[in-house]
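2 protein chains.
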Amino acid sequence: MSQLSHLENDTFLRALLRQPTDYTPVWMMRQAGRYLPEYRETRKRAGSFLGLAKNPDYATEVTLQPLARFPLDAAILFSDILTVPDAMGLGLYFEDGEGPKFERPLREEWEIRDLTVPNPAEHLKYVLDAVKQIRKALDGSVPLIGFSGSPWTLACYMVEGKGGTDFLNIKKMAYERPDLLHHILEINAQAVILYLNAQIEAGAQAVMIFDSWGGALSHAAYQEFSLQYMQKIVAGLTRRHEGHIVPCTVFTKGGGLWLESIANIGADCVGLDWTIDIGEARKRVGDKVSLQGNLDPAILLSNPTVIEREVGNILQSYGHGSGHVFNLGHGITQLTPPENAAAMISAVHSLSSQYHRQ
Amino acid sequence: MSQLSHLENDTFLRALLRQPTDYTPVWMMRQAGRYLPEYRETRKRAGSFLGLAKNPDYATEVTLQPLARFPLDAAILFSDILTVPDAMGLGLYFEDGEGPKFERPLREEWEIRDLTVPNPAEHLKYVLDAVKQIRKALDGSVPLIGFSGSPWTLACYMVEGKGGTDFLNIKKMAYERPDLLHHILEINAQAVILYLNAQIEAGAQAVMIFDSWGGALSHAAYQEFSLQYMQKIVAGLTRRHEGHIVPCTVFTKGGGLWLESIANIGADCVGLDWTIDIGEARKRVGDKVSLQGNLDPAILLSNPTVIEREVGNILQSYGHGSGHVFNLGHGITQLTPPENAAAMISAVHSLSSQYHRQ
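Chains as they are written, first to last, in the working numbering: chain A, 1 to 358; chain B, 1 to 358.
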């Protein structure tokens, strides 16, 4: 008997593949996170974010927390998008209240030439152990999503040492020494392929590539330095495992202008941030891909009445038929009252069935 | 004799109005700035950024500095986008190495209800004096651009106290108390109309509205909270002064997805950041507006060969005919070698004439 049919709830996987579903599935980027008191409690026990992420027991515990609270249609591995460069030896660390940073960003040409593709079984074993353990704990309830940062996004952190800047160092490299940047991106792409395939082998039933900083590039530079490497990854992924398709989602934050080309790289699903109308996006991609998104996470700071209205607007804009995975347009903020997340999930489930009647 | 004909160089104004020109005019956002050693010297004498901006003599001095170095086709008033809320009493200040902040951000409903539209002649006299003095100093060489922040962008700083955040406070207000936010935006729009018209009266020959944070909004929220107020401003502007049209440019950073609706509000020109291909943008707006942009400022950190190639790509993508004002897609970074800015300006002038032959 197939594994998909063993899943109690395969709505998420079906929607990714644009197969019919009874309702629109929903999960939330960063759903295991600081907005949940139980997460903060586990994190306190673990001592730090990396203490959580690098310990498969803790990672399993926090991955399951939002699923115990909310009727979510998917679980996502608790980890960080930057595990790959950490495995390359750059020294991932977190300072309180700030994003991830690297202790040893790439500053010299020899450091770039010395980069090697990490063996996941060796350097990222803690992630694969977590995937196996979470999969076991989920016990066929909902599918498990594995993920990684995109080659460009990893490179941003590797060169700048941190994210969210104006990316002047890496852009200077892109325009003055594109050979060096392409070398980093090629290594990153090979590393992410091995890493995601190892996650799939360990039990991830869908994978997602987070291109958090692709939107900082010009249209031409995006194609050259971000999109073509995501395309390489998609081409190198194990697309069938345990007798089932493993759907792949790519998400470039700020990539709405480039939607047609993103939809063309062979991924099953394209993630959308909240700046684009999902109905317009659907018109632009046609039946090439499914779409994931795209509620502004700030809306979860309002109240259930507003949340229900805004969820309804997105569902209506997407319209009838399958191929929509409801999500936020970016990670849930830590200031979100958990009851507002519950209101969103409930609204998606109750309001969406009308769009799925045959 | 008309004033336009008195200008030695009216290429910029002609391009804004899509009238024929011999070449593509160019100026740079933040062209009077820290990348210039002479600016840093004047700023040292002035003691601070606000010491510069609030003193018409200093403001005139730094406005003219880039024009003494480079054959730019326009001057822009040296000032800040946030002078209006400062005139409302919110207390604009700058900390070293950080963006503008307000001492007294709007936290309480009564503070919002108490906001009043400042009288430019009284509270913003230093700006109007600077405009008059700069205009006199320019002596008809090139046109002078006046500017303000957009109502939404001003409101972001007024509510958050600073820029560049995830805008959670103001978005919570947008979704929970839209009445309060609309009240702020209405006051801001009225204030910006009076302020820009006073700049025009004082001698500004073109005006620009900077919507730095419109791109943080969802497509629907952008229309409601940013675009409709810019439309009100455009409708309220003095469009003719001294017998000439005063062209108006609107620039929403990150607004590429909404280009058609931005081009529809009655402005003469739409500013573009570097994420959009300018040729695509031109196709989308047709002959509704001229376009300003859109080189990634990071490219000015490379070298003249790369800069010339990238300038050439943008000119080629825009193609033949008038209606293009060359600029960066955002302010010039302080790390830019001045000789690279010179290389860009020279490349625009020398490479563009081929696109303007009749």
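Heads up, a few of these hints could be off.
Which copy is meant is left open, because identical chains are indistinguishable; a pair holds if it fits in one copy or across any two.
Think about it this way: if two alpha-carbon atoms lie no more than 25 Å apart in a straight line, the pair counts; the simulated DMTMM-like pairs of lysine to aspartate or glutamate are [what the hints assert, rightly or not]:
| hint | residue 1 | residue 2 |
| --- | --- | --- |
| 1 | K232 | E242 |
| 2 | K162 | E95 |
| 3 | K162 | D96 |
| 4 | K172 | E308 |
| 5 | K136 | E280 |
| 6 | K44 | E280 |
| 7 | K283 | E260 |
| 8 | K44 | E122 |
| 9 | K101 | D287 |
| 10 | K136 | D166 |
| 11 | K172 | E339 |
| 12 | K54 | D179 |
| 13 | K132 | E339 |
| 14 | K288 | E108 |
Quick caveat, the hints were computed from the structure, so don't treat them as lab data.
The model shown is predicted, which means the values in this text are computed figures rather than measured ones.
Hints, verified against the model:
Taking CA atoms no more than 25 Å apart as the test, K232 paired with E242 passes inside one copy only; the shortest distance there is 23 Å, against 59 Å between copies. In this assembly of identical chains, K162 and E95 lie within 25 Å of each other by CA distance both inside one copy and across copies; the values are 11 Å within and 22 Å between. With identical chains, the CA atoms of K162 and D96 are at most 25 Å apart both within one copy (14 Å) and between copies (21 Å). For the identical chains of this complex, K172 and E308 are inter-copy neighbours only, at 15 Å across copies versus 45 Å inside a copy, given an alpha-carbon limit of 25 Å.
When the C-alpha separation of K136 and E280 is checked against a cutoff of 25 Å, the pair qualifies neither within a copy, at 39 Å, nor between copies, at 50 Å. Taking CA atoms no more than 25 Å apart as the test, K44 paired with E280 passes in neither setting, with 43 Å inside one copy and 51 Å between copies. For a Cα distance limit of 25 Å, the shortest separation of K283 from E260 qualifies both inside one copy, at 10 Å, and across copies, at 16 Å. For the identical chains of this complex, K44 and E122 are neighbours neither inside a copy (28 Å) nor across copies (55 Å), given an alpha-carbon limit of 25 Å.
Taking the closest pair of Cα atoms, K101 and D287 never come within 25 Å of each other, the shortest separation being 39 Å inside a single copy and 46 Å across copies. Proximity of K136 and D166 under a CA criterion of 25 Å is satisfied in neither setting, with 42 Å inside one chain copy and 37 Å between copies. Taking the shortest alpha-carbon separations for K172 and E339, only the inter-copy value of 16 Å comes in at or below 25 Å, while the best intra-copy value is 45 Å. In this assembly of identical chains, the alpha carbons of K54 and D179 never lie at most 25 Å apart, being 34 Å within a copy and 47 Å across copies at closest.
Neither within a single protomer nor between protomers do K132 and E339 lie at most 25 Å apart by alpha-carbon distance, with minima of 30 Å and 57 Å respectively. For the identical chains of this complex, K288 and E108 are neighbours neither inside a copy (42 Å) nor across copies (49 Å), given an alpha-carbon limit of 25 Å.
Violation of the numbered hints given earlier is confined to hints 5, 6, 8, 9, 10, 12, 13 and 14; the remaining hints are satisfied by the structure.
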